[in-house]
Amino acid sequence: MVQEKLRVSTRTLQWKCVESRIDSKRLYYGRFILSPLMKGQADTIGIAIRRILLGEIEGTCITCVKSEKIPHEYSTIIGIEESVHEIFMNLKEIVLKSNMYGIQDASISFKGPGYITAQDIILPPSVEIVDNRQHIANVTEPVHLCIELKIERNRGYRIKTLKNFQDGSYDIDARFMPVRNVNYSIHSYVNGNEKQEILFLEIWTNGSLTPKEALYEASQNLIELFIPFLHAEEDNFHLEKNQHKVTLPLFTFHDILVKDKLRKNQKEIALKSIFIDQLELPPRIYNCLKRSNIHTLLELLSNSQEDLLKFEHFHVEDGKSILDILKIQKYFA
Amino acid sequence: MLGSGNEEMSTLPGLNQIQLEGFCRFIDRGLTEGLFKFPKIEDTDQEIEFQLFAETYQLLEPLINEKDAVYESLTYSAELYVSTGLIWKSSRDIKKQTIFVGNIPLMNSLGTSIVNGIYRIVINQILQSPGIYYRSELDPNGISVYTGTIISDWGGRLELEIDKKARIWARVSRKQKISILILLSAMGSNLSEILENVCYPEIFVSFLNDKDKKKIGSKENAILEFYRQFACVGGDPVFSESLWKELQKKFFQQRCELGRIGRRNMNQKLNLDIPQNNTFLLPRDILTAASHLIGMKFGMALLDDINHLKNKRIRSVADLLQDQFGLALVRLENMVRGTICGAIRHKLIPTPQNLVTSTPLTTTYESFFGLHPLSQVLDQTNPLTEIVHGRKLSYLGPGGLTGRTASFRIRDIHPSHYGRICPIDTSEGINVGLIGSLAIHARIGIWGAIESPFFEISERSKRIRMLYLSPSIDEYYMVATGNSLALTRDIQEEQIVPARYRQEFLTIAWEQVHLRSIYPFQYFSIGASLIPFIEHNDANRALMSSNMQRQAVPLSQSEKCIVGTGLECQVALDSGVSAIADHEGNIVYTDTDRIFLFVNGDTLSIPLTIYQRSNKNTCMHQKPQVHRGKFIKKGQILADGAATVGGELALGKNVLVAYMPWEGYNSEDAVLISERLVYEDIFTSFHIRKYEIQTHMTSYGSERITNKIPHLEANLLRNLDKNGIVILGSWVETGDVLVGKLTPQMAKESSYSPEDRLLRAILGIQVSTSKETCLKLPIGGRGRVIDVRWIQKKGGSSYNPETIRISILQKREIKVGDKVAGRHGNKGIVSKILSRQDMPYLQDGEPVDMVFNPLGVPSRMNVGQIFECSLGLSGGMLDKHYRITPFDERYEQEASRKLVFSELYEASKKTSNPWIFEPEYPGKSKIFDGRTGNSFKQPAIMGKTYILKLIHQVDDKIHGRSSGHYALVTQQPLRGRAKQGGQRVGEMEVWALEGFGVAHILQEMLTYKSDHIKTRQEVLGTTIIGGTIPKPTDAPESFRLLVRELRSLAMELNHFLVSEKNFRIHRKEA
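In order, the protein sequences belong to chains A and B. Sequential numbering from 1 applies to the first sequence in UniProt numbering. Sequential numbering from 1 applies to the second sequence in UniProt numbering.
Derived by calculation from the structure, the hints in this document are not laboratory data. Any given hint might turn out to be false.
Computed list of lysine-lysine pairs in DSBU-like fashion (alpha-carbon distance at most 30 Å, straight line) [claimed, not checked]:
#1 K69/A <-> K811/B
#2 K937/B <-> K160/A
#3 K150/A <-> K811/B
#4 K92/A <-> K832/B
#5 K160/A <-> K776/B
#6 K195/A <-> K815/B
Among chain A residues calculated to face chain B with C-beta under 7 Å, some are [as the list claims (entries may be wrong)]:
#7 H72
#8 Y74
#9 G114
#10 T117
#11 Y157
#12 R175
#13 N181
Every residue gets a Cβ at the ideal spot worked out from N, C-alpha and C, and that includes glycine.
The following block holds chain B by itself, in its conformation from the complex (with noise of 0.2 Å):
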């Protein structure tokens, strides 16, 4: 990496890591932590004690395996055993024992936990560091107004403000403040010695009144003042022990509460030095930072940057998972002390076993990872998703921000951020900005510090150390962020560097630099960096792309791309779906689904994953790639997993695109293809679901299943076997039944519609005792079964519920609607499939897979997707494959295109087609329509480039409504493709009726298939009888909104009856 000599070797770093080292801090320290936390708990008489003693903690290994865990819907943890005493003051017994204290769950070697069977990943939390954060804010006069923010380690905030005269203030809730010698006074210091122990005594004299000094007089004074303002309470309170604890349980607790990292940040901030494990707010804090307050106001200190990431930090998986561990620990702690004073009421002598249940760790741990928002569902559409998501920050959640309030600041992009968070990956729409993504070489220091590492340049040595910076530190020194020196290292003394400090950029000389960036990727998240040319890319196509990436679905066969950055092997290695060879060894055979490895004179099974459904319904498969016989070294590759060849990330497909119009199929982001892509199974992709029915007791008697089902047509039940569960292999279109299900039910006559009841007796069908409550497969879901599980739980006494889970394969080809995409945020839908004689073709012949708008390109700034198109041409030719490092513009001017036109040029010399690279148009060539035979009129852009087919696919998202459910409570059309919603006609939709005259569409869409109930009812009636349609003879509430919108624009629709005698006028409300 740095020339000469094996100087301290650079190595990304595990990029699940993140997630891994916090679960080990969790398990190594937050455990024990917890654990000597949990006091001794003595009954009410003091007579017994009981207590766990914490440094005898055990987890044992899991029963099940992970892929077990999966396939049973269990929880993938580990049960948590402690030593326990219970010891007797009168006799000095101890009873100790062994106790079962809960299942913690445990995180896999991918960083995710499994919970019921599903993957799911607890993301980090970025949060506002507790400290202190002084800012200047203008008064409505323009008078600038100090404040010093205090964060408590839970979030909560306590004020500190000087104003305009001078006086100083605590804001203890939004509204109220007091002065800051009450506070003090409260908090347990008197005046002489907040006298002593600031700096201008004179200031806190001058506004100090004779009415605050009668408050202040005594403490209990001044916190019965202090209650009042922080409840807001009027009247005077008297005070009281319980007013003191309540004060003391919501303001002191909450509010003052520091924690370690916030001791810390208070001690370096304000130049104290009180000791670590004060994680309270003393009083001394509060004097020296009005002190500081005070020197602020005259302009002796600096302003903080509340966005700069030193005042962040991250909390991580062992911070959410130890503080979960804490709650559940006070829960078993007052079940401890409940149970213990219960028995003692009842005479009985209690063991250590039956105080403690697993119940408050488990249930806790549960609902922790079921319920907090930080903890998700994996997303598992592809490989790259997987690693990225556990590489999320997220400034949501509790103790966050949301995504309405939060403010434009916060979402920005700092400069501390360079090497730590990346700039361009984040979600967009609502949570912009919010939730980033950890940029490739940063990891997560012990302060929970987001450290980026560098190379030290000394004078001294000619080692090159390598630091890892936090935040706070790597402002104060220059850093070189090219490493275009590494190239001419011998001359750099004359050099002049571009160089970053203190959040500005600057040219200095070589000697003058302390640190240089490692790799130009440094600054990028991973969905980033597998950008080829970034550097051409406009940030926001940027942002896309690397979004998009994460929706790309595994294709049939996958295909590694011939452009790429050279991450695509460490996403794939650490994703963890290709199998690899834990040992060295001989393979002694291999299966479709697991091979064998001779290791050491015993053989190793490694099971393959084969078709199984993800969390995201892709397909994950894995396809040995090792054969019989052969040595394998240690870390090898087995098996090549979804979307993964030999080890790389192969998300889509290099196919030859032309950048070009084409009769309009192609005009706003629309994108035409060639039916070559779907013969030849090029972005065909697998897709599984689960169906899943129970079966319940009902009042009645319990559900059956059965294939029996009186109420359908056989042929709904063609796929059945003898029990009722449709067979392994079939193949199900829409509204088959999956599984017949029967739900027991009291035979009553009136239950039926008089219709129904006439057909009834005139067919002489029996009433039948059960309804239908089969599994059917709903719209869209054909395929083929591939898995049947019939799950019987042991429930209560006499009934066992059962759980049938079916899933179904279904194999999708590229069709029209389906979504594609680059990887340079250059995304379309597939308008229309051309056969490839129609297709324009290259000057040998070849068509066209894809034909893109150029219009595409100017205004999304993505040129990246152009130098890879033509990159990617030449790599076709000479079937080569480049991984580019971005920003290769520094070693030369236009260094991106020069690589790009030389290797055209050689493709063209080596194949000897001289129309890859024509010096009056390079990149481009001419190109002929398959229709005529024509050559177009301009020579357009054409080459490989690497494209991804999305799950947005429009198998999922196709959907149409004639009649169907409509809602309670407003009776319009429910909404949502799921449950048969209807298209809403809106305001402007309305309009555009209206407009058109179209009065019949209008008129139907505002009565029958709206609100107008009756209507609706009488047109069901006479779909079934016959006859013509009834027009409505009253208004809905549909119609009078429309009538009221006319007259807002001042033309009146009414009704009106003339009389024909008088003719006299009887208006009619409308």
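Just chain A, with the same shape it has in the complex (with noise of 0.2 Å):
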């Protein structure tokens, strides 16, 4: 058996591009092998690899169109035929090629008439334009036409209705996916006396990355997920340390409670399940806690007094109430 294990850890995985195609600007289409795989391994490769690239892979879009000359959204603009609305639908729709951080300016700048397209779009270095011929709008008349555009990186999607109407600046949903498609399919075949299988794995994009530059980014990304568990006992170190610093005594009347220690944390979790909604306190001392984010007794309890004679309306004989009425029911035991 163990000689079996050996061999298998010996011969190693190996990928190959089968097929790679472009069959427009915003359509590539790659396909992909790995082998050889044991039983079972594809499939789990296969999902995780299609999850992550459909839910994961960075995108960039125009997020933000700013412009003077438009009154809203759902206006019109003398000499050109597109309305508003229909020329955020189109910037929405274009695809942009980058490997940038944070949001970036671009602008557009046009005097008609012609159509406008995709390369009007003056951009910073680090971003390209992916078909030059998405059209955005079609300029009728010899009017000027000068709009700002902010550039996001991000991943999945965005809706946003922002209220920022003053600056004149509107968002438009942002749809951050540029992988359109993925599909896996197993083959497994004997190898000897073994069954070994093959995984096929097909990607279409829409052009800002090729097939391959997805499947290097999603894998670097499903990498990143794994990690941690590389570093299992730091990080539970690490958490329990964390424990620790939430249960400090720093409330005066903590000290009756942290004598038993063996107790501690038996009461912690009952602490942290009491809200002090069940205290019966009297409503405004209630209000004011709530308004706090205090919630649960564990929450009151990690609180210094002098932390909450911070809190608006709350008054020294506040505290005394309350430890009469946490007397009075009974948590300190």
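Once you've looked at the hints, go ahead and assemble the two chains, each given alone in its own frame, into the complex.
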């Protein structure tokens, strides 16, 4: 058995790009294989990589538009065939390629008449346009159109309706998803007397990155997710320390509690599950605590009296009355 | 359409033709007819005579166009001018003047009218046709009694009845019946005349007794007797002129006016030849009707089927408008008569100009369009809705039935409905069967009958003629129902075809057929004929579908359906939402809001609709589809409107669906959707709401519009400009002020509550002299302000009331709780939105967009959705669009299935995707779980279906209440979302609370959340001051009810006080 294992581990896993095709500037296709895999491994890798590719690959998008000429999204600009909303929709569709961080600015400055296409966007050096011919608007009159854009790199999608109208900027719903579709299939075969599998992976992207790059990024993402397990022990230690910090006895009447160290943990769980709603505090104190985001008894106890006094409308007597109530209700046996 | 030769091609009639024809009939004929009825008016001394010269009437073209009328909230109407004359009889002097009689609202090309800026439509009514109908009923003893009911033009009834002793009665009111002889004498015929004109005089003589003889001796006696029975008065009234007049008015005019249709029906039914212009019931009619009744008793005539369409008539817009016109002229007549008399009395010389005012006609039409139940606000949810609304036929309304009382028989489908009224398209609920829809090819004939077209098959000529037949005629022909014959015309001699004859289905030889139907969709309404594979759906689901398609919201980006029926084009065209070139020419210039067309030397400007609100708050928007420099033909589409693409109706989107259960998220008609539908704006729609506020004059001065509202926080006022009106283009949220308005008020200390006064004293706030009455954005109203209008109306002397109207556009993505539906009555609510990697995916890795529950299919019997789904898949793969006429099964067995499978096979071949068509389970495919990558156990049906998003959206419905207003009388929370109402805790809910023993909630619901006024106020007090909420001491009414309920379960709940001293029990009433 030991020998068998060794044999497998010596054989290196290999991947190969079987097919690669550019259907259009905004549709790339790539097919990869990974082999040899042991029975079941293909499935593990396949689904994980598919989910990462679909969900977590970063993309670049125009997220914000600013122009003085636009009264609002549903208005029209004289001399332009599209309505403002349609222009926004076209901007949303534009595919960008970048390796930037944060938010960057871009702009369009166009003098009509003519078609505004993606190549009219003046971009920062780190951003490129994938398809220059993507349509934005059709200007039919000699109008000067000046639009400022914001470009962002992110993952997933975002639908925002912000209220920052006053400065004339509008958020566009952003869709940062460079991967269009992913599929995987598994072929098993018998090598000698054991079953082995080949993983076929098909990736379609929108052109802002090649399927190969997407695969690379996805693998990196996936690896990053597993890294914490490699340092498993340290992390656990870290967690313990954290917990300790939370329970540092700061509150004066916490001392009563700390006496018995054995009972501490049990007690803590109990304290965590007691909400201050159950204490029948006077409404004013209750509201005051609630406003300061104190919901459980544990949270209450981890604050010192001085801390409490810093809250709005919290008086010295209140501290006492809380203590009284706690005593009456026998939370401190 | 019909093989070789260009034999009379048949096209669909214009879908709003029914409305337009009606209105044209009114303008062409109704107006003149009404004006000719206007009598010459004389004053009391008969010195002056006033008359209208009906033939000289003129209608002026309206000064404003339709769009302006809508925008300015005006009525789109034409002014009616008639020349009038005033004749002095003594001097033979004529004074002629052309005067303005009033405004008549016009109909636009879509069959709607614009009244006060709102599109309205007048629905056609189905009424019992005036005439006589024979029925037989069983009396309590089981003997059949024959009755003949005479229905007048106004809906009044007069019944003739023959009983077992062969006596003939006339039933004049519900209870009283009188001998027919008395009725006839009262109408002015004597006994000998009666006996001469009757077929069976011996029967009449036989039941004539001495008492009756005396009564019918003279006309006066008969009238007196008749009046006594009719009005149900006892004693002995004396004959007088006024009595006769009352009887005339109440009986002879209401119940005996047959009208032209009634006269025609009477003549046909009773074989009479009374001239057409004699529109009243004559003694001869009654005599013949009585003879007929006797014949019926002897079994010599047929009974009438009252639900047959030949016994119904359509009261169209023309008739309704004409009735109103008549009414207005009567009012005008009375007014003129009054003014003439007044003028003479005051020795003034009247002119026609000051005798006639425009008020009667204008107000009559205004109140007709505003108040009449058949004049309705046009339902503008989508283009289909607009078209369908005008084609409705209603049994309801004045002179008709009511939803609560109508019998089952009348709601049912009748064989005579074939090709006239759609058997499936009707409303659900209380009005089921009472509101129908006109079949697509049907039209309305001159006598108010619905006519359906047929092809005539004749041996003599090869020409095929199209006939429109009314329901009374087509019964006598053999009508071949299928038109499979069209395919194999050469060997038709040997064929046996299914046919319709006299409400029966027969199978007869081809030679015997007289007529055949023209089109498979002939029997259906528009809504039903937009359903592909309708023949595979249960009628109930088809009904739901035709209703739900009308509720589909136009989406921001529409898409044509892959599988359709071919009628989409006609609907979009006739709905008028897309801009169509009236002339051929060159496009000079296009802009977002207009297109300039160069036609024969001049430039036409065609304005486009830009983000306009419809009556249902959906968005109407036109997108130009042509470019500069292009040559345009007449009838070409210039711009697509809402929910149309390329001139075809496009209500929804083609989405990839799978039929499989998914973690229970699609049980009980819930639908699971992918977030792709959200971020790709697949089901995103626009909704525009209108908010209005007016300034009024109060006793302390006029209200002011300002941006300085001291009562409110600055944050709420951030969107106001310096005038106090919201800035165009600003984003507003719930609670924001749209218009700042202050109402002046008496500055009074005592008007504030004590704590308020104290606060004011401490903080030194001045007593305000005004109250804020701002227009605030109600709950759920967030959006972008796209229009602000300030309308100043010229009011009274010094004060001009102002109206401010604000339109707010809202963009709504699909979300959990929205209703979606297919076109087969398969509806559901979105229950969860999954990310695309979690959705189940097909064998090519493509995630599904929607997951329906397969259990929703078998019990609902709407298999059409499965066909559509599979065919949609192949259409999507091959980039093909299918337009399918229904009932293809008559060409071949299982034709639909064969078509779908062959297309799937082709798609699978052409795209080399073997999984699209797998012979072991055709149409189904293995589907994988996006979360685990495992395939689901069973292959499932997947494909592309056309899905609509309906107007029932959570944003309009979601609502909660913690506290709020209470009804004044019952002291229970108000009802409805608009009033911040509460959810009713009814009997069953209380039982549930009792059953689970949730005492505190129950106590809360029955006391301070309900009618326990005192505790409710105490709760309010304690929440302000602080402290614990007091326990109520006494029981409210709702609690008493609970106690009574427990008692009825034999459980006594009581309140006892036991004395400590002597253990005596004191009972307290609970």
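Do the hints match the structure? See the list:
1. As the CA atoms of K69/A and K811/B are separated by approximately 22 Å, the hinted pair is consistent with the 30 Å bound.
2. For a cut-off of 30 Å, the pair hint linking K937/B to K160/A is broken: about 40 Å separates their Cα positions.
3. For the hint linking K150/A to K811/B, the alpha-carbon distance of about 22 Å falls within 30 Å, and the restraint holds.
4. Distance hint between K92/A and K832/B is fulfilled; the C-alpha atoms sit about 26 Å from each other, no more than 30 Å.
5. Simply put, K160/A and K776/B have alpha-carbon atoms about 23 Å apart, close enough for the 30 Å limit, and the pair holds.
6. Simply put, K195/A and K815/B have alpha-carbon atoms about 46 Å apart, too far for the 30 Å limit, and the pair is violated.
7. Checking H72/A against chain B by beta carbon gives a least distance of about 3 Å; that is within 7 Å, so the hint holds.
8. Because the smallest distance between the Cβ of Y74/A and any Cβ of chain B comes to about 5 Å, under 7 Å, the interface hint for this residue holds.
9. Checking G114/A against chain B: minimum C-beta separation of about 12 Å lies over 7 Å; hint violated.
10. A least Cβ separation of about 16 Å between T117/A and chain B goes past the 7 Å threshold, and the interface hint is therefore violated.
11. At a threshold of 7 Å, the smallest CB-CB gap from Y157/A to chain B is about 4 Å, leaving the interface hint in force.
12. At its closest, the beta carbon of R175/A sits 5 Å from a beta carbon of chain B; the interface hint therefore holds under the 7 Å criterion.
13. A least Cβ separation of about 5 Å between N181/A and chain B falls short of the 7 Å threshold, and the interface hint therefore holds.
Hint check: violations occur at hints 2, 6, 9 and 10; the rest are consistent with the structure.
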